[in-house]
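Listed in order, the protein sequences are those of chains Z and D. Everything in the first sequence is counted per the working numbering, starting at 1 for the first residue and increasing by one. Everything in the second sequence is counted per the working numbering, starting at 1 for the first residue and increasing by one.
Every clue listed holds true.
With a straight-line Cα cutoff of 25 Å, these simulated BS3-like cross-link-like pairs (lysine-lysine) come out: (1) D/LYS597 <-> D/LYS104; (2) D/LYS83 <-> Z/LYS86; (3) D/LYS84 <-> Z/LYS89; (4) D/LYS148 <-> Z/LYS79.
Don't read these hints as lab results, they were simulated from the structure.
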Amino acid sequence: MIMYWRIGMRVVFSMILCVIVGAGLAFGAETSKGGTPGQADLRELLNTIGKRVSEFKTLKTDFTQEKKMAMFKQKLVLKGRIYLQKPNKIAWHVDSPLRYSVLITDKLIRQWDEDTNQVQEISLTKNPVFQNVLGQLTVWFSGEYGSLLDGNTVRLVKRAPLVIEFTPRENNPAKKVIKNITLTFRDDQKYLQQIRIQELSGDVTTIHFMNTLLNAPLNSSSFEVKGRV
Amino acid sequence: MFDKYFPRLYTFVFQHRKWVLGLVLLATVVAGAGLCATRYNGNLDLMLPPDKDITRSMDFLRDSSLSDKVIISLTLTDPARTKKDLFAAVDQLAASLKPPLFTKTIAGFSVANVMEEFSVLQYAPQVLGEEDLASLDSQINPETVSRKIRGIYLQSLRPESIFMSSLSRSDPLGIKMLILNKLRALPASMGYGVNIEDGHFISRDGRHAMMIVQTPVPMMDSQRCKELATALQDKIKGLPAFVTADVISGHLHTASNERVIKRDIEVASIIASIAFLLLFVVLFRDPRVLFVFIIPLIAVVWAIHIAAAFEGRLSYLVIGFGTSIAGISIDYGLLVYIAMKRGADTAQMVKLAKLVTIDAATTMFSFFVLYFSLIQGYHQLALFSILCVFLCLLMSLFVLPLTLSWKQYPLVPAPTLGDRMREFRWPAKLSIGVWVVLTAVALYLSLSVTFDSDVKKLDGSEPGILQAEERFREVWGGKSNQAVFVVTGKSLEEAMEKNDRVCREVSRVITNGDFTSLAQFWPSERQRAENCARWDRFWKEGRADKLKGLIGASSAAYPFSDQAFAPFFDGLYTHRIDAANPDGMIAQLQERFVLHKNGEYRILSYFPDEQHYVDALSGVTRTYSGTFIVSGKAISASLAAFTAKEIRLLAPLAVLFNVVLCWLFFRNWKEALIALVPLVTGMVWFVGIMALFRIPLNIVNIVAAIVTSGVIVDYGLGMTYEYRYNLRIGTVIAVTLSAATNVIGSGALLFANYPALYSTGLAMVICMASGYLSSVIVIPSLCSILGTSRQKTVQE
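Chain Z on its own, in the form it takes in the complex (with noise of 0.2 Å):
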């Protein structure tokens, strides 16, 4: 089964993920030159909130994934929580509507499924999947937004609370899936309140935050996967 999920890894990193979860770390490809004022207002933006927000040192906090998906006929629900403890170590935990864990590290990858109930270890070295997941996880969670300027066009939606659209740019790799990618900022500005990705394709991916704590005391059983959930 391991070697089976190696393999699925392995496959979505040869053919799609260098694509798509490169959108990130493509949008660091060539800094914008010459920018519009509006672009220099921004990165200045950015910058400001991308310190405000990577403040903190530990996060906690649930969150609902809604995805609205052409593959299912109505919006698929995800509820659980989020923890974080900077620089790279963020469980994932899924209560509804299946039980579901994943401890990504610096180092490693385990995780555990009810339909299961195994603990899966993997070696974070022998997954770039995993990698560029942590790598995307880390820029959104902790707050290094002026990154994503690069290679994407960054537009302000609204101020109050604030909005903002990031489009990946024509020699973005990930123009090819991602149409945008919206993050909508709590009225104090510390944290995000919301993700919203929109792919070319129609479908749509909404993560809500809610009860975030900043810098919340965490234990480790915060970071276990096999019955914490």
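Assemble the complex: chain Z is given as a structure, and chain D must be docked to it using the hints.
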């Protein structure tokens, strides 16, 4: 005849000494000036045998795109810096590498079209074969389909599903797994552990990036290799301080080898020169002895031009031998100088000239033996060395006396050190007994000597280059060497079709996936058309409907829509047979598998360079014409076999020539055999000592030993001649000085960093030292015991 003509010629030269000296001086100045414009050959090819397999493999490696690549590994040294900084440095360096030295830079794959290129519905129909479809067929059943549908649902709960869930719509069965099986061997074919991120090659730890640079500079063009290395270093200096770069390229080896050899020759020449000067000036305290020292240098300068006129560009290795040959050839001048200082009369001078000539003849014949070798480099070495020795002989006999007699010089008062050495008596029986025992021990040890046929060990590249390669291997893997299976064809399609057939045949021989072929992920157009037709038949035979029904039944338990997998069923028959997109990943991968040279296409497949694979695949090459294997290990094995065959011819020939010349000189078997004692000692002790210290023989030190045989036999000739004719013209001291100069000349090579030169020096030092010891200890003892006519006088 010698007695008749030598005095005449000697007198003639004396009568025209100003002209002779003027001509020698003029020719030397012209030849010396010409050295500045002389170009040398820095590659080892000349030293390789003309074996069909070896030549083809070497030609292949030279012509292949494998040899026109420079690989650069960039490393982030500052932990605070990120991949983004690294990629920026890669892009900066890539942009700075421009023609004419750098023609193309690949820092990663253009990933924009990867998804389309490898899409399940476009790529799979073209590459999946009969067995793959059978595997798919086995999955179209309720249990498997149900498991897969559940897997797709579960995947939508995972973090990565943010990007990936919708992709399952066009691949409910996980056909991408089958595609992966086609692609997974690709990194192995590169021999490196490479990931791709943001269009860049990156290491698994994310701290290193790799770029591949194509250059039109031939690896064997040492001058342009130097230019390339310098240009590359200049560009690398422009990288940010937090990035270092390791360059991996055969070009650096060529440039470095030339640098090392040049430095070695300089060092060896300086050491030998200083040692000679100290030896002569301290011992003789006569500035005229410098003429003796200059003779071999003049001979080398002349010989370079004469040999080049016949052979074209001379090899650096051959010139490297010049230092040793200078040491060898100094003997003749030395013998003449000592004899003249001792006031030798005409009769003694004739005898001396005879001895010197036969000494030179034995040395020349030892080089002449190399003409019986099939290796072209040995012919060049033989010509150059014979010229050196011959010119030294002529100058020692006819030019040196002119310089010595320019002004009157004082004769050496007797008794000298040489006289004391001559009169010293080693206990005869004990000396011979010890010699017999030691030689027997050496003979016994020599049975366990090993032979190293790996020519790579003769590579003298500087440590920096080797350390960079070691670091590269630590980061990117690639420790196991790859061999190449080559399929040729007049057109690309013809070669690819043959390659498809070969790949099918090989899959029956190598079943563990160690054979990486283009056919596995991009077969010929004909094969892809066949695969597409088979794919269409497969689904039209009711399997598409069956799968649709099974998915409908399985997905009822989950909120899948009716159109959840419509992209898969709608796209089943929309595939096309296209050539690889020239900007796409397949085209870039193809570059590693396809060569086009001189109107011929070559498709390369890769496998571990292990003997059992080579043996197994050799059978396939016999079945398919126009196919062959290029294996480093096979080259080494052929080289070993060839060298062994050559040695079986050259070694007996060298011995035979020496034996014949000894007999011709003495016309007496007893004395001829005594004169051969140093030769036997030198050869047996050399092999024995190498075995004792576990130093393997190689193609270079064996040739050096064969060449040295002609030198050490001179010691035996001189000593036996001295004791037989009671010459008293300083032969003992001359032989001693001769051995000292020879050992200095070849010993200077022990300071060489270039393995081939070091190996040569080691072999020569052992042979000469042991040969000399036996000549001064064993020969007088044998002469006294066997009653050789020691009391005979020169008047006889």
